Each structure stands twice: as C-alpha cells, then as structure tokens.
Amino acid sequence: MSGTILTLFNGLSLGSILLLIALGLAVTFGLMKVINMAHGELIMIGAYVTYVIQSLFLKYVPESFFDLYFLLSIPIAFLIAAGFGILLEVSLIRFLYKRPLDSLLATYGVGLMLQQLARSIFGAPNVGVQSPGFLNGGLTIGNLVLPYSRIFILSLSILCLVAIFLYFYRTANGRRVRAVMQNRQMAECLGVQTRRVDLGTFAIGSGFAGIAGCALTLLGPIGPTIGTYYIIDAFMVVVVGGVGALIGAVVGAFGIGFFNTIFEFFTSATIGKVLVFMLIIAFLQWRPSGLVSSRSRALDE
Amino acid sequence: MGKIMNQSIFNKKNLLLLGFIVLLIAPLFLTDFRLNLLGKYLAFAILVIGLDLLWGYTGVLSLGHGIFFGIGAYAMGMYLKLEAAGTTKLPDFMAWSGVQELPFIWVPFQNPILAIILGIFIPVMIALLLGLLTFRNRINGVYFTILSQALVVVVVTLFVGQQGLTGGTNGLTSFNTIFGFLLASTTTQTVIYLITAAVLAMVYFASKVLINGRLGQVLIGIRDGENRLRFLGYDPAIFKTFIYALSAGIAGLAGMLFVLQVGIISPTMMGIIPSIEMVLWVALGGRGTLIGPVLGAILVNWAKTTFSESYPDIWLYFLGLMFVIVVVFLPDGLMGLFKKFQKRWSGLHDKQPNSTRVEKNYS
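Chain order of the listed sequences is A and B. The working numbering numbers the first residue of the first sequence as 1 and each following residue consecutively. The working numbering numbers the first residue of the second sequence as 1001 and each following residue consecutively.
These aren't lab readings, by the way, just hints derived from the structure by calculation. Hints are supplied without guarantee of correctness; some may be wrong.
[Stated by the list, open to error] Each pair of labels, with its calculated beta carbon distance range:
no., chain 1, residue 1, chain 2, residue 2, range
1, A, 293, B, 1304, 39 to 45 Å
2, B, 1299, A, 139, 53 to 59 Å
3, A, 229, B, 1110, 33 to 39 Å
4, A, 247, B, 1308, 45 to 51 Å
5, B, 1342, A, 91, 29 to 35 Å
6, B, 1343, A, 83, 39 to 45 Å
7, A, 141, B, 1110, 54 to 60 Å
8, A, 6, B, 1168, 26 to 32 Å
Treat the numbers as computed from the prediction; the structure is a model and nothing was measured. Note that the Cβ used here is the ideal one computed from N, Cα and C, for glycine as well.
Go ahead and model the full structure; you've got the sequences and the hints to work with.
Written out as structure tokens, the structure is:
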C-alpha cells in the first residue's frame, strides 16, 4: 500500500517537473509555432543562476539569512532566463517564424553554444546546490516520507500554472496573446501589436524555464547538460497535450509522469521509457494533434 | 537552352567522375591512418544521401537517423564479435555480465550474410512502423521531428540499459577478423575502404535515378505543397513512409561500413548529438542536392577531426554557430552559394528563361 502511494507521489512529482518545463514550451510553441530547442539550456541557465546566488550568499550574507537565497533566486532566475529569451527572439527567432524546422535547428545550435559556455564558465563536472534548510526533511505519513523539496516543486508548478492561467485569461495582455494565437492576421488588423506580443510571450515562456531550472537544483547536482535530460520528455508533453489550451499541457505532463513512474515501478527504467514511447505513439493514433488542439479551417496548420 | 543544359551536365558528370577516381586512387597517396579517416567520412556520406532524400527532397526532418546508423553498426559489430569469440561462441562482455548462453537475438548474427541483411532490414522495419503510424495520421513537420528524436532517446536508453545484451555504454569493440581476414591489416582496410567508396557511388547513382524519375517529382511535390498533391490523388503518407524506410536502410548500410573501419560502436555514437550532427552535414552541404550533403559530410567531419585534435573545447561552439549561420544565411548550403557564384561568373544572374520554379518550402 505504502509502495503504491509512494509511486503515485513520485509520478505526481515527475509530472509537476515536466509541467513546469512544458508550460514555457507550450506557450512559445502554441503562439509562434516555434520549437525552441534552447529551452533546455534556459533551464540550465536558471539552475546556474540559483547556484551563483547560493555561492554569493555563502560568501557575503550572514548564515542565518542563507535560506532566503532560494526565495530570491526564483524571481532572478525568471528575469535572467527571460532576458536570454528576449535576446534569442530578437536576434534569431524572429527571422525564422515562417520556417519552423529551421528555427528548431538554429535554436539547437544556440543550445549547443550555451552548453559549451556553461562548461567553460562553471566547468564540466556537476555542481551541487545546497538546499535551503526549510526544504530539508519530509512530510511523514505513516511509514512514508514525502520529501518537502518535491512537495515544494509540486506547489511551485501549480502556482506557475495558476499565474499563467490568470495572465492568459484574465488580463488584457493575455487576451491579445490568445487573439494572436487564434488568428494572427485578424488580430493584427484589429490593432494588436503582434511583434510585441510575440516578444513578451517568448520572454514569459523563457522565464518559466528559468524557474524550472531553479526548481531542479533541489533534486540533485546540476551540470551543463541538465536541460537536455528533461527537455525531450517536455516536448512529448506538448505533443501529447496539444497546443490549444493549458489543460492539454497539464494532462500531458501528469499523464506522462504517472505512466513513466508506474512502468518503471513494474519493469525497469529502460523498459519503462520504451513503454511510455509506445503509449504516446498509440495515443497519437487516437488524437493525432494532441489532446486539445485549436480548431481552424486553415488547410495547413 | 538545350545546349547549355547539356554542357553543364557534361561538366558535372566529368567532375563527379574525377571525384570518384580520386577516391579510388586515394589509397596510393594517403597514409593508413588518413585513409581510415576518409573511409569513415565516406560511410557518413552514404548515410547523408539517405537523410537528404528524406529532408532535402521530401521535406521531412528526422533527428533520429543516428539510431538507424547505430543499429546497422551493431548488426555488423555483433557478427564481428561472434567471429572474434571463436570457439567459446560467447562475446567477452557477456561473460563479464554473467550471461551463460548466447541470447537468441544474437543467434542469426553468426551468419555474416544474415547479419548484413538484418543490419538493413531492422532499421527499415522500425522506420516503416513509425512512418506508417505517424504519416498516416498526418503527424507532420515539427511533431514528427520531435517523435523521431524521442525514438533516439528510447533506443539509446535501451542499448545502455541492456548491458548483457548490447555491451552497455562501452558498446561493441575489440573485433578481430572478418570472413577470416585480419581486420587490422592494411590490405583488409584498403579493401573495405574501396568497398565503401563503391557503395557510396552506387547509392549516389541510385538516388540520382530515383530523384530524376517520376518519384522524385512526387517527393518534391510533397515538400513544396503536400495538400496540393493530396488533392491530385496521391497519398503523401505512402511516399513519405517509403522514403523514410529507404533512408533508414541506407543509414544501416552506412553504419555497417562505419564499424568495419572504426572498430567500435557505442550508444554515444548513435545518440542525440550525432543524429543532429548528421542533419548539419546535409544543411551545410545543401539540402535538395545530392552532391552537396556528400561534400558537407566529408568537409564537416574533416573539420571536426582537425579541430578536436587541437581545440576540443571549441568544437561545440563551432558546431552550434554553424547551425545558426547555415540556417539563417545559407539555407541552400554551400551548393547554393556555389550556384550563386556560378551564375554570377557566367553572367546568368538574370532570371532563367524557363523560370517556373516554385519556392522551396522546408516548413
């Protein structure tokens, strides 16, 4: 029984991490049809930002305030990753809007460069980030221990989801974003500045990658390739969920998280991955364009 | 018009023939080490032709050709491993992981002919299956690309995880003989090199025939306007699946030739980074031309060998930068650049008389 609960909890935890990563992807892909392969490296940037802030705190700030570093690093990671996102959009992606496969390759190139940059600055070996004190230990239920860090990530991803939802569905800016998503030309005709919407949305999507990176430091040491480890699963979330609405990403993330954990529990880590992939292919036979797809009369979507 | 065409084809033919002759006489003037490297590049060049048929001509981008290449290489490696095992009938790494009996998957690879057939057949079957399941549902463009990359992750984890079956992260290495000939000897290596060059030429000409025929026109039609083709009564899914499987088979063939010359195959050589590097070779050389990607593969790998000998750190920067530059500034690759200059030289920078070309559409 406790094993089952633990498996479920782990699935929930993996799902929440995937959701945190995929949220940014779903936003950028849904809006601009741009696959940002450097998203994983934005996660890496968020993780290293956390590492740097932690190191600064260890050096300059009295020990009693040390735990605050983590709370501080979440917004800073968001801002820095968003900054990188803006840089990427302005310098590269905006030239490639009509060519999704090309933008995929170009951003992949950027990702490789960022990885090597991190390797040059921080060294190839992984670095550890000391978790803040209030996230050590775990919640004890019966003979189970649910780590606080994982519970924190779960709550963080729910918080981010709510924030994105409120932004998209309850603000004027969000309405503009959805308008551009549904019909770019019509939105433009009605006076929406699509370039600004693109830029802003891309920045937000990138910023959430930064937060995801920040959260990943709680789970273990970080390295230059930390992003690539999760990014493909996150892309699968987008493929399964579709890009019509946020709910798709939520269902996709927790679905993949759960099945991954369950399959791994009953078989092995490697066979589990194979089974999840087959399940995704099977699912796509039923819903080729994902769980939630935006309907349109356009021939080529 | 006809005269100009004939002349340019004549020139191209001569150049190609010249290139092939240079490849054939390369063993006379290259050291063993350099010849071995060139052979490796030629194996990559074979793979790249298949990838170009898929991406350059049909507009389907696969980031997963590393595994087809890898499976071909493993198939050949398994045979070599079994031959090296000799009388014990059990490869060395299996004994280390405590496997007592030859696993049934390995049994067919005792026969070299069967191993070669399977090295092509297995990639073709995987590609057929994935192609049918995706293209038929109109899962296209970036979605297919992402799925093809996920396939890489799955297969690589599988190969790493099944230590006793595949040799795990170490892969397959320390081969001894092939058909009884010592693999390390200069003569064997030269023969294998010549076979690789011959296979490259054959794959090249077969692809040329295929592209110049009706099928080639259909493929280009799919790339530039899939829906129009569908309305004309063609089923793009069938063609895409066929080309995907064909290019997977070519990749398997290339993998077999690769392992014979490099002497090792491991999961890192078929993973995500190698798979995407292959795409860069096509892009840099010029997608949608057959000779471009071949030159791209040779050039980039030559650069990689030179660079990583002296500055291993810079290679990844260079690789990343090349992706960006090629995609943004050179969408038609080096061949596109070459054609531009050629036009300028011959004063044909005005529109061609029969300018009915459709804009290439790699969406």
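Hint check results:
1. A:293 x B:1304: 39 to 45 Å: 41 Å, holds
2. B:1299 x A:139: 53 to 59 Å: 58 Å, holds
3. A:229 x B:1110: 33 to 39 Å: Once the Cβ atoms are compared, 38 Å apart, the range 33 to 39 Å for residue 1110 of chain B and residue 229 of chain A holds.
4. A:247 x B:1308: 45 to 51 Å: 47 Å Cβ-Cβ, so the 45 to 51 Å window holds.
5. B:1342 x A:91: 29 to 35 Å: 32 Å, holds
6. B:1343 x A:83: 39 to 45 Å: 43 Å, holds
7. A:141 x B:1110: 54 to 60 Å: 55 Å, holds
8. A:6 x B:1168: 26 to 32 Å: 29 Å, holds
The structure is consistent with each of the numbered hints, conforming to all of them.
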